[in-house]
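Novice: Going line by line, the protein sequences match chains A and B.
Here this note's numbering is used: the first residue of the first sequence is 138, the next is one more, and so on.
Here this note's numbering is used: the first residue of the second sequence is 32, the next is one more, and so on.
Since the hints were made in silico from the structure, they are not lab data.
Check each hint, because a few of them may be wrong.
To be verified - Lysine to any residue pairs mimicking SDA-like chemistry, simulated, CA-CA at most 20 Å apart:
1) K247(A) x K262(B)
2) K206(A) x V170(B)
3) K63(B) x Q208(A)
4) K262(B) x K63(B)
5) K206(A) x A148(B)
6) K262(B) x S272(B)
7) K172(B) x H243(A)
8) K172(B) x E234(A)
9) K206(A) x M60(B)
10) K172(B) x L210(A)
11) K172(B) x L196(A)
12) K44(B) x T252(B)
13) K172(B) x E207(A)
14) K63(B) x D150(A)
15) K262(B) x F46(B)
16) K63(B) x L210(A)
17) K44(B) x D228(A)
18) K206(A) x K44(B)
19) K206(A) x R67(B)
20) K313(A) x Q222(A)
21) K296(A) x E165(A)
22) K172(B) x K313(A)
23) K172(B) x D228(A)
24) K215(A) x P169(B)
25) K321(A) x S244(A)
26) K63(B) x K296(A)
27) K44(B) x I148(A)
28) K247(A) x P169(B)
29) K63(B) x E212(A)
30) K215(A) x S160(B)
31) K296(A) x D228(A)
32) K262(B) x A148(B)
33) K172(B) x V256(A)
34) K215(A) x V170(B)
35) K63(B) x R211(A)
36) K172(B) x R211(A)
37) K215(A) x T191(A)
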Amino acid sequence: MIRLEDVHFHIEDNHIIKGVSLQIGEDETIALIGQSGSGKSTILQLILGLYTPTSGKVLIDGIDISRLKEQELREVRKRIGMVFQAGALFDSLTVGENVGYYLLEHSRMKLSDIEDEVVSMLDFVGLDPSIRDRLPDELSGGMQRRVAIARALVSTHPKVMLYDEPTTGLDPQMTKRITDIILKLRNARSVSQVVVTHQIADAFRVADRFLMIEDGEKIFDGRGRKLLNSEDERIISFLEPFNNAIARQNELIEEINNKS
Amino acid sequence: MTAILKKASGWLKLFIFELQQMFFFAAGMIEKIFRRPIYLYDTLEQMHFIGVGSLYLVVLTGLFAGQGMAIQFSYELADFGSSSYIGRILAIAIVRELGPVLTGLMIAARVSSGITAEIGAMVSSNQVSALKAFGVDPVRKLAIPRLISLLVMVPILTVIADAVAIIGGWVIAILVAHVSSNLYWANVLDRLRFGNIAIGLIKPVAFALVIAFISCYKGFTTTGGTRGVGKSTTSSVVLSSITILIVNFVITKTVISLFKGYL
């Protein structure tokens, strides 16, 4: 269970997060939406303890991680899987070493057992295990994201998964594959997931609940229908391109039907 | 005038703040040397990169610096009929000053740029955050192996540079100054006393610390994407080189003031 209580965060004079409170239950998938630079990724970094809030509390399973020392934080982080923007794979390591990194670093497992775990995790995210000897640079963007998800999952089979814009810059087919993995994970492993995105279609596909952040403040917390029916100008304006795209898609379908 | 003073005081504050941050970072690195886990493989890899990778650079620098110095000395000393002292003067100049400083500067140029660029790129691409997310201390994983490798390899490379420079000087002493080989080596060995060797080995240890602290600090504090990595790398090389020269002066002055009789 993740809970943020009136969290404020500053970088020098910039007030990045302004009194955000939220709660994410077990087995729940949350979409954290909002425009670029609104503070979504910062919230993920606060949950992971990479940033310390200026004030307020960040509670993971009831423990306020903002008060923990670096050594204690490292133990908390081991229970959380994080997929960074663009993957953040270790570029000097092979795909196999990336996926098995946590086990190589923290476990006393035999190399052959780690190899088995890597193969099974690559298989879980729909990648051919034969790519494990390749370097991250040799993979496409979508493959890199899937390797990043596999890497996050190998770590102690986390109860919390955080995704920082996992589908940004990917083609529709690859985007679907990534969102499929998020859905598969929700059904197969019952983990709490937070997906940061500004792509509404992806958010609707994977999320049980939506949180919208605008200029560091939480302006919406609720289900998809409530979001679509919101009369808040900021939400309407954010959803406008998404609604226009749907309208345009309907128009095109109608045009094609008329022609045929 | 007030605007200039305001700007100058702003720069001074920033400089003092940066110095303070660097000091805390360096203290943290020292403290973490003795803590587990020890990344043996990373340390050996860095030793190879720093030691073997810099060997050709140090050998070439030592050889030509030694020969250049020997040529200068041979002409100057010939005017006083003291060419036979060439080995004596060369040994002191190389072991105490030229060997450590040139090796330090060469390693600062090659290694500190490499360290800063690598860590800086890892910071920019979130790889350092990913390490933290995996419960790994990035300073211990990335900075400590580099610090240990520098502490081991810079003195070794300095000794190699000293040896090559003295051998280069020997060639010039025989061919240009027409000094007998036996006399040259007798003079060289006469000056290779404990005091001279000690000062020649204290300096590379200090330079290794300077290079490690500055290059790692600059890498970890990189901001601003690829341009930021470029800026950090440049400032790391410049700062390491200048600091090496300042530290060299301070060590020379201190050792000569305190231990003159032993040199």
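Novice: The structure should be examined with respect to each hint, and the outcome stated for every one.
Specialist: To see whether the hints hold, each was checked on the structure:
no.: 1; hint: K247(A) x K262(B); result: violated, 43 Å
no.: 2; hint: K206(A) x V170(B); result: holds, 16 Å
no.: 3; hint: K63(B) x Q208(A); result: holds, 12 Å
no.: 4; hint: K262(B) x K63(B); result: violated, 27 Å
no.: 5; hint: K206(A) x A148(B); result: violated, 29 Å
no.: 6; hint: K262(B) x S272(B); result: holds, 16 Å
no.: 7; hint: K172(B) x H243(A); result: holds, 13 Å
no.: 8; hint: K172(B) x E234(A); result: holds, 16 Å
no.: 9; hint: K206(A) x M60(B); result: holds, 17 Å
no.: 10; hint: K172(B) x L210(A); result: holds, 17 Å
no.: 11; hint: K172(B) x L196(A); result: violated, 28 Å
no.: 12; hint: K44(B) x T252(B); result: holds, 18 Å
no.: 13; hint: K172(B) x E207(A); result: holds, 15 Å
no.: 14; hint: K63(B) x D150(A); result: violated, 32 Å
no.: 15; hint: K262(B) x F46(B); result: holds, 16 Å
no.: 16; hint: K63(B) x L210(A); result: holds, 17 Å
no.: 17; hint: K44(B) x D228(A); result: violated, 37 Å
no.: 18; hint: K206(A) x K44(B); result: violated, 29 Å
no.: 19; hint: K206(A) x R67(B); result: holds, 17 Å
no.: 20; hint: K313(A) x Q222(A); result: holds, 17 Å
no.: 21; hint: K296(A) x E165(A); result: holds, 11 Å
no.: 22; hint: K172(B) x K313(A); result: violated, 36 Å
no.: 23; hint: K172(B) x D228(A); result: holds, 15 Å
no.: 24; hint: K215(A) x P169(B); result: holds, 15 Å
no.: 25; hint: K321(A) x S244(A); result: violated, 26 Å
no.: 26; hint: K63(B) x K296(A); result: violated, 31 Å
no.: 27; hint: K44(B) x I148(A); result: holds, 18 Å
no.: 28; hint: K247(A) x P169(B); result: violated, 24 Å
no.: 29; hint: K63(B) x E212(A); result: holds, 18 Å
no.: 30; hint: K215(A) x S160(B); result: holds, 13 Å
no.: 31; hint: K296(A) x D228(A); result: violated, 27 Å
no.: 32; hint: K262(B) x A148(B); result: holds, 9 Å
no.: 33; hint: K172(B) x V256(A); result: violated, 26 Å
no.: 34; hint: K215(A) x V170(B); result: holds, 18 Å
no.: 35; hint: K63(B) x R211(A); result: holds, 16 Å
no.: 36; hint: K172(B) x R211(A); result: holds, 14 Å
no.: 37; hint: K215(A) x T191(A); result: violated, 24 Å
When the structure is compared with the earlier hints, violations turn up for hints 1, 4, 5, 11, 14, 17, 18, 22, 25, 26, 28, 31, 33 and 37 and for no others.
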